[in-house]
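Protein chains in written order, with the numbering used here: chain Y, 67 to 206; chain W, 67 to 206; chain V, 67 to 206; chain A, 67 to 206.
Take the hints with a grain of salt, since some may be wrong.
Which copy is meant is left open, so a pair is good if it fits within one copy or across any two.
What the hints assert, rightly or not - DSS-like, lysine-lysine: derived pairs with alpha carbons at most 27 Å apart: (1) Lys121 - Lys189; (2) Lys121 - Lys72; (3) Lys117 - Lys160.
These aren't lab readings, by the way, just hints derived from the structure by calculation.
Since we're looking at a predicted model, the values are computed, not measured.
4 protein chains.
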Amino acid sequence: MTAPPKLPSVAQLRVLYADTDQMGVVNNVIYLRWLEIGRAEWLRQRGQPYKQLEKLGYLLPVVEAHLRYREPARYDDVVDVAGAPTEVRAASVKFEYQLRRAADGVLLCEGWTTHACLSPDGKVRRFPPELTSLFQADPR
Amino acid sequence: MTAPPKLPSVAQLRVLYADTDQMGVVNNVIYLRWLEIGRAEWLRQRGQPYKQLEKLGYLLPVVEAHLRYREPARYDDVVDVAGAPTEVRAASVKFEYQLRRAADGVLLCEGWTTHACLSPDGKVRRFPPELTSLFQADPR
Amino acid sequence: MTAPPKLPSVAQLRVLYADTDQMGVVNNVIYLRWLEIGRAEWLRQRGQPYKQLEKLGYLLPVVEAHLRYREPARYDDVVDVAGAPTEVRAASVKFEYQLRRAADGVLLCEGWTTHACLSPDGKVRRFPPELTSLFQADPR
Amino acid sequence: MTAPPKLPSVAQLRVLYADTDQMGVVNNVIYLRWLEIGRAEWLRQRGQPYKQLEKLGYLLPVVEAHLRYREPARYDDVVDVAGAPTEVRAASVKFEYQLRRAADGVLLCEGWTTHACLSPDGKVRRFPPELTSLFQADPR
């Protein structure tokens, strides 16, 4: 399997003991937390923290998620988290992610999520032009 | 250390792989989830599910928690969860818990939590008489 | 989007307060725990608990996971968990899952995972015939 | 209630959306993860990462934990994590913790954990002199 083009890292984290399971590696459920870090830090670095988006009335719940676990992450590993939007539509956006072991750059896991854009009352809401532009800022 | 008097079980759960850590036992952070099950099921069995309490305007956030881990819980163990209120004051209540391995009754963990009674806007709120009575229903 | 054919439920769970997030619904990271329950209970009901598979030297780590969140699950909801193997190869197996609100059968989330078959030392290991047969037991 | 003497911060973390619950604040179960960060980073900063302790044959499982939640932590808050050993015995050690909102230093939660010292086969093991000295390094 060929490695995908490298996304730029937006955050680093360190694996907790609580993240491991009795197989001696990070349990599969933990990685979705790391994807959240990836998209949150991408947004923060573009000046639009997700917290602010919610205040403006744009909620972005996850509607689909995909994870491809390639190599196990282990206790105390430092992990580089890369996340970036790769597709934006009228009222949805897709983020892609790569999680790499910081020590050697090995790809541990890659994945993507899609998000609906909702108003606080749960109705589908179109992105305003400035958000559409924001999500198109990093063409791959 | 002498074992405490046995509390009646209110629920059973089964240990997930995701609950274990690389020591091969359930990680310490998981048990607070199990305490929630203990108090929720005690309330449900007395006809006052916590969900209903919140609808009535009584929120019971945890203000203090204590856990004494006695024996490790392991993957796929069935655990008996016991929880019951043991002290009620004007605007707070204490729950005590015991987690036992169902197979042999061995006490895995015991603990307690205290809860404030708040209104939805976050102000301290006295329990109404019927809730005080409810929490006094099971004297130890 | 048409609903997929219904898989038989293998377990029920109840949503914890700890499973929710500030959007007032179950957070997306929780569902991968529920998929584990789906495959574990399917295996248990066929007489081959995963714990026993590990003792026999067959480890089944998740190598890929997919989740499609359709409707939000909420605090205290009872959820029917369906999981079943749908493809088996020489050294891998795919499970599919459906999570439905027990009260009305509404599909909350569907997903799938693929699993490698490894020996305890981490090498790819072919399923023995009896496991291949087991995983083929429920043709869709 | 008087505030305890301030412990020096050893790490910072940022609250995830996945850490919150439908009360709009961080759920109580999350804080035990943060205590792990506190003791792990204290050890790392003294040149003895916990990972290395385990390699040397010293396991330090949590045997007791206590949490006092003072103020709610909220989504996207930056939290200063302080942890330090405060009592060391022949084969056990106690850590104390403080979690403060970085923005204003407000104490969100304080707690402590006690840890047994075990060998890899699960037997109680005395600390060697260098570990006893390490844990006594920061008298309060």
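| Structure-inconsistent hints, enumerated in ascending order | 2
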